[in-house]
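Put chain B on the given structure of chain R with help from the hints.
2 protein chains.
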Amino acid sequence: MAQERAEEHEAEDLPALTEDLVESVLTATEAGDAALLAELLEPLHGADIADLLEQVTTAERREILRLYGREMDGEILTEIDESIREEVIEQIPADVLAEAVRELDSDDVVDLIEDLEEVQQEAILEALDETDRAAVEQSLTWPENSAGRLMQREVVVAPLHWTVAEAIGFLQREDWLPDQFYHVILVDPAHHPVGYVTLGKILSSKPETALTAITEDSFRTISARQEEGDVAYAFNQYHLISAPVVDDDGRLVGVITIDDAMNVLDEEHEEDILRLAGVGEESSISDSVLETVRQRLPWLVANLFTASLSAIVISQFQATISALVALAALMPIVASTGGIAGTQSLAVAVRALATRDLTASNARRVVLREIGAGLVNGLSLALLLGVAGGLIFGHVELGVVLGLAMIVNQLVAALGGVMVPLTLERLGLDPALASGTFVTTLTDVMGFFAFLGLASWVLI
Amino acid sequence: MAQERAEEHEAEDLPALTEDLVESVLTATEAGDAALLAELLEPLHGADIADLLEQVTTAERREILRLYGREMDGEILTEIDESIREEVIEQIPADVLAEAVRELDSDDVVDLIEDLEEVQQEAILEALDETDRAAVEQSLTWPENSAGRLMQREVVVAPLHWTVAEAIGFLQREDWLPDQFYHVILVDPAHHPVGYVTLGKILSSKPETALTAITEDSFRTISARQEEGDVAYAFNQYHLISAPVVDDDGRLVGVITIDDAMNVLDEEHEEDILRLAGVGEESSISDSVLETVRQRLPWLVANLFTASLSAIVISQFQATISALVALAALMPIVASTGGIAGTQSLAVAVRALATRDLTASNARRVVLREIGAGLVNGLSLALLLGVAGGLIFGHVELGVVLGLAMIVNQLVAALGGVMVPLTLERLGLDPALASGTFVTTLTDVMGFFAFLGLASWVLI
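Here the protein sequences line up with chains R and B, keeping their order.
Quick note on UniProt numbering: the first sequence kicks off at 1 and runs consecutively.
Quick note on UniProt numbering: the second sequence kicks off at 1 and runs consecutively.
Everything labelled a hint here was simulated from the structure, so no lab data went into it.
Mixed in with the good hints there might be a few duds.
[What the hints assert, rightly or not] Chain B side only, calculated, beta carbon under 10 Å to chain R, not exhaustive:
| # | residue |
| --- | --- |
| 1 | L26 |
| 2 | Q91 |
| 3 | I92 |
| 4 | A94 |
| 5 | A167 |
| 6 | G195 |
| 7 | T198 |
| 8 | L265 |
| 9 | S283 |
| 10 | A388 |
| 11 | L391 |
| 12 | V396 |
[Stated by the list, open to error] Covered stretches of chain R, going by a simulated chain B footprint (3 or more residues, C-beta under 8 Å):
| # | segment |
| --- | --- |
| 13 | 29-38 |
| 14 | 199-205 |
C-beta atoms are modelled at their ideal positions from N, C-alpha and C, and glycine is treated no differently.
Here chain R stands alone, though its shape is the one from the complex (with noise of 0.2 Å):
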């Protein structure tokens, strides 16, 4: 696949951040030459320039930003991740901050600065004009993580009863239009908006039709509080490119547009992942070794302690355990299947929870689905695992304890699996927050209990 990637980048001879590129850009920055340096990397897109940043050492990006920093734009601030985003302002001169941010939309202002620090925020804020200082501080006042603090306020609006003929006079007339937009607003003289228009099909419509007879069926606004994974997923499911925000009086404040939504999808993706596998929801791959540890330590010393109840229930059974040794050594094989069987079940639910397709509605019947799935599966590991258990330590009774533990274990895992999410939604949490801590801690505890339990019962 890598190579077939590299082929079609070929292909398309458009400038990509290949191996070579960046290979030949630490050449350049190492030899010092700003200006090998400058042809290298003008071509490429702002976004290509900003992963290069965060794909270099502390040390190279140093010396890169020494040489080329008089060429950072807008573009490539807005680009970088927000793990090295104070480091890189910290080192670009004043001058050119202040250029590269009076270019930028309210929107990737707002999300550049979001997470600094007060002292750099304040020097971004003083290099903007008051317009647009006023807007985004305006923004600033919106919940983290809102629509109001994802959307751009530069909006193209139209009273109601305009013609196509005047929208298109309106447009060519002024020239403060947003770099991209897709749709004019129609609003009602209180600034509500009330449907919008394809640029599109003002196009391919006659001069004299009314906007009113042309909106899109698919209009929907969103509240400046709504959260901005609640604004990803009503992208997502209604195929909207943009849509109209609104305050709580309903009056149209800004606008947010699918690439936003696009990223923020891609950023909920990330943390439900990362959420799962219990570690700090801001790991990047450029992290140091510091900041990795402290976004897996807290994770792993929680783990200690749950791992522990493990231990205390293996602890109850020695006695079983002295007296017949290959227990300790089949013990992991049920708890490991039903860590796994855990997992799986764990995220079918955490991501249709995500898409919203698991809901009150219908978790009753997934519940149940989950019971009968865990039980054909544990009948079937039960079967093979009871079968060869048997034959290999050719001890009948240790197979059957084997057997019932698996189905025991299974089923606990299918139900684990979908209940921690289930309840950690209804208790208003996010449902992958170290639900896989939870249910591997489950199933080890509920597997060594029924393996060793069955066992001191049946065996001994």
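Chain B alone, transformed into the frame defined by chain R:
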């Protein structure tokens, strides 16, 4: 969060798939009240109706389709999940199905039929008029999951030499324009795309402006053979809204829009999460018990074999365990903490490979970082566990063995978590595929081996 969401929906007063609505729909269905059912469903977006059909049982679905089948339109059909698509299509009257399909753009028809059985495919193709059928059949000649399958063939093009006025005149004359389009693509006489102009630019520029003077910087073409995951990556990375698709000779054959790319991104996420968890990637919350078993049992059986490796390792140390049964109770702590650490490292690596932040350029540095973090985590956990183990069991050497085994296994976990996906990627396989099972097997086996091995050496 669930409550917050409900409030938001209320505030917006938008039709949405609430629990109450599902309840009402099922009541109306049970009562056989087709009029009420239609009244309830009519205001919903097709995507919500499709979700509803996924959330109910097979029997309920059959009843809903019996009462509402004649209202099924193209929009609903394209939104229906693959897992129930064949079943739904079978239950829609043939004339309704034909009508629904005729409404759709070519890319939606391709998406609808590509996974159907041949008989159903034929039936749908026959419903199309000749031009549309040819377009669909041609799209189907591109490889599965390629840009060629994703693109729509309805493209708005303009010759290179046109002005804004000519473009507007053209758009006003044509009546076949696609529902959604955001750019006019400029082509040379051989039909190679050479740039594109946003509709916003066309509307806001003077009539005599040459189109070539207002093209977008971000222009990128996509090969029809490109893998759809790469297409989604390009849209997300470069903030594309639409992109022209070219054949092997570089000629324009279609266009992909961002809503399709967002959909692919979402599906890729689903695959990542499910594959990491070792579930068949077609798993869905609406699967039957048997389908669920089919998606999960193979991985569980595979795990049975890998888990047996742990059992074999442990059984080599039966004499050691007999001598000190506390070892049996403690060994899962080392293994399970290693499992969590491996999963953490794995999640970060798989995610970074998907976003292309982990590449050959920085792989070595990331591996070194992981080793460093594994060492620090291992030392911290060893200290904690070694002291606790030593105190609780009053056995200093046992504490030392626990601590040392923990350090070894944290290193194995950190390395395994990043090397396994990197190796899979290098081999041209999906880095998420089964890597969870792989890494936990590694940490289990190494955890037991290090702990019992050290114990038999130091303690016995």
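Verification of the hints:
1. L26: holds, 8 Å
2. Q91: Hint violated; B/Q91 Cβ to chain R Cβ min 20 Å, cut 10 Å.
3. I92: The hint is violated - B/I92 has no Cβ within 10 Å of chain R, the shortest such distance being about 22 Å.
4. A94: Cβ of B/A94 sits 27 Å from chain R, so the hint is violated.
5. A167: holds, 8 Å
6. G195: violated, 14 Å
7. T198: Check passed: Cβ of B/T198 comes within 7 Å of chain R, closer than 10 Å.
8. L265: holds, 7 Å
9. S283: Interface hint status for B/S283: holds (5 Å vs cutoff 10 Å).
10. A388: Constraint on B/A388 satisfied, holds at 9 Å.
11. L391: At about 13 Å, which exceeds the 10 Å cut-off, the nearest Cβ of chain R leaves the hint on B/L391 violated.
12. V396: violated, 18 Å
13. 29-38: Result for this restraint: violated, n = 0.
14. 199-205: holds (count 6)
Hint violations for this structure: numbers 2, 3, 4, 6, 11, 12 and 13, all remaining hints satisfied.
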